[in-house]
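Chemist: Sequence:
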Amino acid sequence: MDSSIKLGEKIFDSGFRPDFIVAIWRGGTPVGIVVQELFEYFGVSTDHIAIRTSYYTGLNQTAREVKVHGLEYLIKNINASDSLLIVDDVFDSGNSIKAALDKIRAEARLNTPHDIRIATPYFKPNKNQTTLRPDYFVHETDDWLVFPHELKGLTKEEIREHKPWVKDWIEKFL
Numbered sequence: 006m007d008s009s010i011k012l013g014e015k016i017f018d019s020g021f022r023p024d025f026i027v028a029i030w031r032g033g034t035p036v037g038i039v040v041q042e043l044f045e046y047f048g049v050s051t052d053h054i055a056i057r058t059s060y061y062t063g064l065n066q067t068a069r070e071v072k073v074h075g076l077e078y079l080i081k082n083i084n085a086s087d088s089l090l091i092v093d094d095v096f097d098s099g100n101s102i103k104a105a106l107d108k109i110r111a112e113a114r115l116n117t118p119h120d121i122r123i124a125t126p127y128f129k130p131n132k133n134q135t136t137l138r139p140d141y142f143v144h145e146t147d148d149w150l151v152f153p154h155e156l157k158g159l160t161k162e163e164i165r166e167h168k169p170w171v172k173d174w175i176e177k178f179l
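In this note's numbering, the protein residues as written are 6 to 179.
For the record, the hints were derived by calculation from the structure and aren't laboratory data. There may be inaccurate statements among the hints.
Said to hold, decoys possible - Have a look at the derived ranges for each label pair, beta carbon to beta carbon:
no., residue 1, residue 2, range
1, 85, 164, 47 to 57 Å
2, 163, 42, 37 to 47 Å
3, 177, 75, 27 to 37 Å
4, 115, 167, 28 to 38 Å
5, 149, 115, 17 to 27 Å
6, 7, 147, 30 to 40 Å
Stated by the list, open to error - For lysine to any residue, the following SDA-like pairs were computed, each having C-alpha atoms within a straight-line distance of at most 20 Å:
no., residue 1, residue 2
7, 103, 49
8, 172, 154
9, 172, 156
10, 108, 148
11, 129, 161
12, 157, 145
13, 108, 77
14, 11, 108
15, 15, 57
16, 168, 158
17, 103, 74
18, 81, 129
19, 108, 149
20, 15, 120
21, 161, 149
22, 172, 153
23, 108, 145
24, 129, 108
25, 157, 30
26, 168, 8
As the structure is a computational prediction, the values presented were derived from the model and not from experiment. Note that CB positions come from ideal geometry on N, CA and C, so glycine has one too.
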């Protein structure tokens, strides 16, 4: 939460006032909520939605393609004069955000917002596979990140040690 607040402060202090905030489901949604709430608190109203990305491997394909879901509302409502902030929890390979931007540009065409910026608490520059770079970030790291809400991939011992808020409930099932 602290990193999301710091991110919101950076964006606000830069003078950028997005008309739309798009958070990438799942990890970007808590960050997007914090950023939107900060803007709203300081009198900056934004339209805000979540979209989802997923990886898809088609028949006889070796490369994975990123699919983007849930852009219908945004495409129907954005205009070229608007500004757009895309928020995620971590900018790693950059492929999810690149796919979202590519699809927005392809579908919105002449209505593509004139000012699109990217914000994320964590930026992994050495993992970046795109020419993109977040406009706003709080931490630069190459470390493996485990967020407070994540349980998948953790051992029973790691859950017991690092997730006390859910440990007792999960103990019933372990």
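Chemist: To test your reading of the hints: which numbers does this structure violate?
Modeler: Going through the list in order, the structure violates hints 2, 4, 5, 6, 7, 10, 11, 12, 14, 15, 18, 19, 23, 24 and respects the others.
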